[in-house]
Every structure is written in C-alpha cells, then in structure tokens.
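Undergrad: Sequence:
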Amino acid sequence: MRKFLAVCMAIAMIFTIAGCGSEGHDGEAKTPSGSSIQKGKDYQKVVDEFESSGFTNIKLEKLDDLVTGWLTKDGEVESVSVDGDTKYSADAWYPADVEVIITYHTFPEKETSETDSESVSTEEPAVDILTVDNSPELAAMLSLKADMDQSYADFAEAHKNQVIEFDGCITYLTNHDNYDTRYDLLISAGDYVDENTANPGPTFKFKDVGVYDLGDGLTLADYIKVGSNVRIQAKVRSYNSGTGLFELDPVSVEAR
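Residue numbering for the sequence shown follows our numbering, beginning at -5 and increasing consecutively.
Rather than coming from a laboratory, the hints here were simulated on the basis of the structure. Heads up, a few of these hints could be off.
DSS-like cross-link-like pairs, simulated, lysine-lysine; straight-line CA separation at most 30 Å [what the hints assert, rightly or not]:
| hint | residue 1 | residue 2 |
| --- | --- | --- |
| 1 | K154 | K53 |
| 2 | K154 | K81 |
| 3 | K229 | K154 |
| 4 | K67 | K199 |
| 5 | K219 | K35 |
| 6 | K219 | K56 |
| 7 | K219 | K39 |
| 8 | K67 | K33 |
| 9 | K56 | K67 |
| 10 | K154 | K199 |
| 11 | K24 | K56 |
Cβ-Cβ distance ranges computed for the label pairs, FRET-style [stated by the list, open to error]:
| hint | residue 1 | residue 2 | range |
| --- | --- | --- | --- |
| 12 | D141 | R250 | 21 to 27 Å |
| 13 | G184 | D58 | 32 to 38 Å |
| 14 | G28 | R250 | 43 to 49 Å |
Beta carbons are placed, not taken as given, at the ideal position from N, Cα and C, and that holds for glycine.
Work out the full structure: start from the sequences and follow the hints.
TA: This is the structure:
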C-alpha cells in the first residue's frame, strides 16, 4: 500500500511540474535556436523561424559588402540579436514583441556615377515623373505594336535616368543567377492576357533586383508573380537593340 501511494505521489508531482512549466508564458515567444546556429543561413529562413516561434518585432539590417558573392552568398546571415543580445541561447523565453534584429550580407545598391549625379543636379531642374498623361513620347511608345523599334532606343537615350510611371503586367519572373533573394523580371505595358499574347510597347526588364526593390516587406510580395497587373515607377536605364529589352531600375511596384 505504501509503495502504491508513493507511486501515485510521484506521478502527481510529475504532472504538477509539467503544468508549471507550460504556464506563465502568455505574451512570450521562445527562441528557435541559439545565435551561433543562425549565422550563415538565408535571412528569409531565419525570419520564418522567428515568426513561427511567435516573435512579432523582427527587423532587418543590410551589410552592403558583397562584391562577387562567391565566398559569402547574397542574403547570408551575419548575426541575430534578441533584445540586444547577440549571444542568446536556444529555447529562451522573451516577450513576443521584443526587438529581433537580423543582419545579413547583400550587394550594394546600384548608383549612378558621380558625374551623372552632378550633371543632373547642376544642369537640370527637378523633373516630374513621366506618365502617358504628361508625356506624348511615353504614350506613343507604350502604344506602338512592335517588339523592337528605333523609337525605343531614342526614348531611352533622351530620358536616361528619368522616372516613368505606367500600368503594366509581369510576364516573366526568375531568380537572378543562383541567388535566392534576387530576381530578374520582364514587364509589358497594359493588362496581362496570356503567355501567347504580346502587349504593345517594348519589353521592359528589371535585372538583379532584391526584395526591397520590389516592395517593403521582408519577403517577396504575393502580387510579384507572372500574370499580375501592377503600377510601375521606374528609372530609365537603356535599350538593347540586339535583344529588344528595355532595362529599367524599379522605384516602386504596386498591385492594381
């Protein structure tokens, strides 16, 4: 009888301890792993891990230090801090809204040359964004039914580094080279019909652009996909008469 009572008391204590261990964590989140484990991972995967664990205040910091991306990959995590601690332990409880900072490596943003910048700032006044309403040239280019045309090259040369805005659609999307977080896109003017229908105007290209170039989220927006109709603001770069591709640098891409 005494042995039976002892066993019952032991079982009761186990359940009591287990119950205490699961209580008292309302509004808290547990770290998915220690800080050293996160280094070298893709930053989007680390974001997913912390979000799945219940953390709600996740911030990203970029280190624009990549040149080739051979030794360190684009998007590779350098460090993670939780509430300012870069040496936090795995399975540690924190308030769910504590600041989590994920620092990762990436390529520097594209910049125009110093000469071009000086030329724009000293020789030209501020120029409004070109649209089909205020630019007859842009309206004509976007309505021309030709895959390739000299007028596309003329427009690119005349309006290099100016921002244009138009309604378009995404016709192609792929990762840039072997990078997980950089992309190449093809854009056409007008609404998307199907993969066999060519829209008027040139085929625009966004080359080697990151998540932040295409939106303001931590991951690629749901509407950044083939077939989406979007409103585009982009800076004119150049037109390649050989490929027929009109290259732009994205300023903003919004769903419409």
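Undergrad: Would the hint linking K67 and K33 be met if the CA-CA limit is 30 Å?
TA: Holds, at roughly 12 Å.
Undergrad: Is the Cα-Cα distance between K67 and K199 30 Å or less?
TA: holds, 24 Å
Undergrad: Does the Cβ pair G28, R250 satisfy 43 to 49 Å?
TA: Since the Cβ atoms of G28 and R250 sit about 44 Å apart, the hinted range of 43 to 49 Å holds.
Undergrad: Given the hint that K56 pairs with K67, does the C-alpha gap stay at or below 30 Å?
TA: holds, 13 Å
Undergrad: Keeping to a limit of 30 Å between CA atoms, is the pair of K154 and K53 held or broken?
TA: violated, 35 Å
Undergrad: Would the hint linking K24 and K56 be met if the CA-CA limit is 30 Å?
TA: holds, 25 Å
Undergrad: For the pair supplied as a hint, K229 and K154, confirm whether the alpha-carbon distance does not exceed 30 Å.
TA: holds, 8 Å
Undergrad: Please test the hint of 21 to 27 Å on the beta carbon pair from D141 and R250.
TA: holds, 24 Å
Undergrad: Is K154 within 30 Å of K199, Cα to Cα?
TA: At roughly 15 Å apart (the allowed maximum being 30 Å), K199 and K154 satisfy the hint.
Undergrad: Quick one, are K219 and K56 close enough, alpha carbons at most 30 Å?
TA: holds, 25 Å
Undergrad: Within 30 Å, alpha carbon to alpha carbon, are K219 and K39?
TA: Satisfied, since the Cα-Cα distance of roughly 20 Å is no more than 30 Å.
Undergrad: Return holds or violated for the Cβ distance of G184 and D58 against the range 32 to 38 Å.
TA: holds, 35 Å
Violated hints, in rising order: 1, 2; the structure is consistent with all others.
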